[in-house]
Amino acid sequence: GGGGGNGGSGPFRASMVAREADAGAGSKTEGARPRAASESGGARAEGPEVETGAAETKEGAAGMADEYGEMDSSGLTFEAGRVELEMGGVLEAAQIRYNTFGELNEKKDNVLVVCHALTGNSALDTWWGDFLGPGKAFDTDKYLVVCCNVLTSCYGSTGPTSINPTTGKPYGSTFPEVTLRDAVGLQIRTIREGLGANRVAAVVGGSLGGMQALEWAALGGDFVRCFCALSCGSKHNAWQIGMSECQRQAIYGDLNWNGGDIDPANPPNVGLSIARQIAMVSYRTAQAFDRKFNRHVDEKTNQFQVQRYLAYQGTKFLSRFDANSFVALTKLMDTHDMGRGRKGGVAGALGDMNQPALIVSIDSDVLYPPYEQMELHQLLPNSQFESIRNDDGHDGFLLAQEEIGPILGDFLDKNAGVINFGNHAFSPSDAEERDEPSDGRSRL
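Going by the working numbering, the sequence shown opens with residue 914, and the numbers climb by one from there.
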């Protein structure tokens, strides 16, 4: 396969974030995009006006903070070529879209991989932007921060919306089944072959991103120095599979689904909108909904405000996601099982992962409840557990950035093995060669 970067020669100038193939066409170069702040730390959503007592405000402010900002498929591209998949399928010309922030150091071992959640993209700056930048948890003075769009998504990596080179048409319903390990395996190739990295300092992710982080550590072995998994478990359990299936059934029940053979002029918008509304409820909590909406009624429409909020979120989703990709991604997530095919099952697999690990739990998460993160902590031999007090439920891993940032930054400072010495990022082994203390301070 080929790389979408400088390979490995010299510092990799990723601070420019060359976003080629912007939204699938053309190219441009730009810096990290600004991120709109909100009361909960997420990007603020604009939406329909609703009544909130004395004054009218936008849905995004009166409702709930949105977990994502502006979404597109821009970035760099790793061309992986022909890829044989775990379940027997083949992708003839697989590619991974990714974005980078920072520089690759001389030893090529300061890569920090960040994995996105279910409907995210590789533009890390638009959804975890509070963590990204000089002096922050994802310190671009220390790390080459890389975020890859997961396989099967519709934000640049190969998925159902991609053109099948055999037919010259979008894959659609013919897209082969992809597992989480297939997706992570291609990300590992992107970092090794595309960027020429010798080692990954850390892998971080929440929800589906946390599942990816776990597989990164298992598949990568010594290639991965440490990892952090937020708001996920060791496997997708029956509760989570059932929730995903409800969302898929909403799509299947739309007559425009047509078994996945979708007419672009008549997509299954009703089904996809309902699927998103189901998901939005599962991502939050009863307390959060009651605090934001209570039983307030919109005087213009005579609807409960929570109804308007969910309808808005469902409609908004249609402009940024594809039904076949959504189905494929939820099925990919259902393949998550750290014990599958590994000696000793889940306990054996996690017990063999000796890297320093940070496990973070949102105490109100009903979709991936805290006991699952506690299980990870108990089975991983070298782990740290942190529980975050937050009423936002599962989405707390995206919205509670103010609380999570210091914990994450401290863990990476202690375990990622990268030190910022002036304007140069180096590993402890570099310090030894320089006859300097491993904490980066001068002996003078």
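Check the hints yourself; a few may be wrong.
Claimed, not checked - Only pairs whose alpha carbons sit at most 30 Å apart, straight line, appear in this in silico DSSO-like list of lysine-lysine:
| hint | residue 1 | residue 2 |
| --- | --- | --- |
| 1 | 1327 | 1021 |
| 2 | 1229 | 1205 |
| 3 | 1256 | 1244 |
| 4 | 1244 | 1229 |
| 5 | 1244 | 1082 |
| 6 | 1213 | 1229 |
| 7 | 1049 | 1020 |
Think of the hints as simulated: they come from the structure by calculation, not from any bench.
*Of the numbered hints stated previously, which ones are contradicted by the structure, given in increasing order?*
Hint check: nothing fails, all pass.
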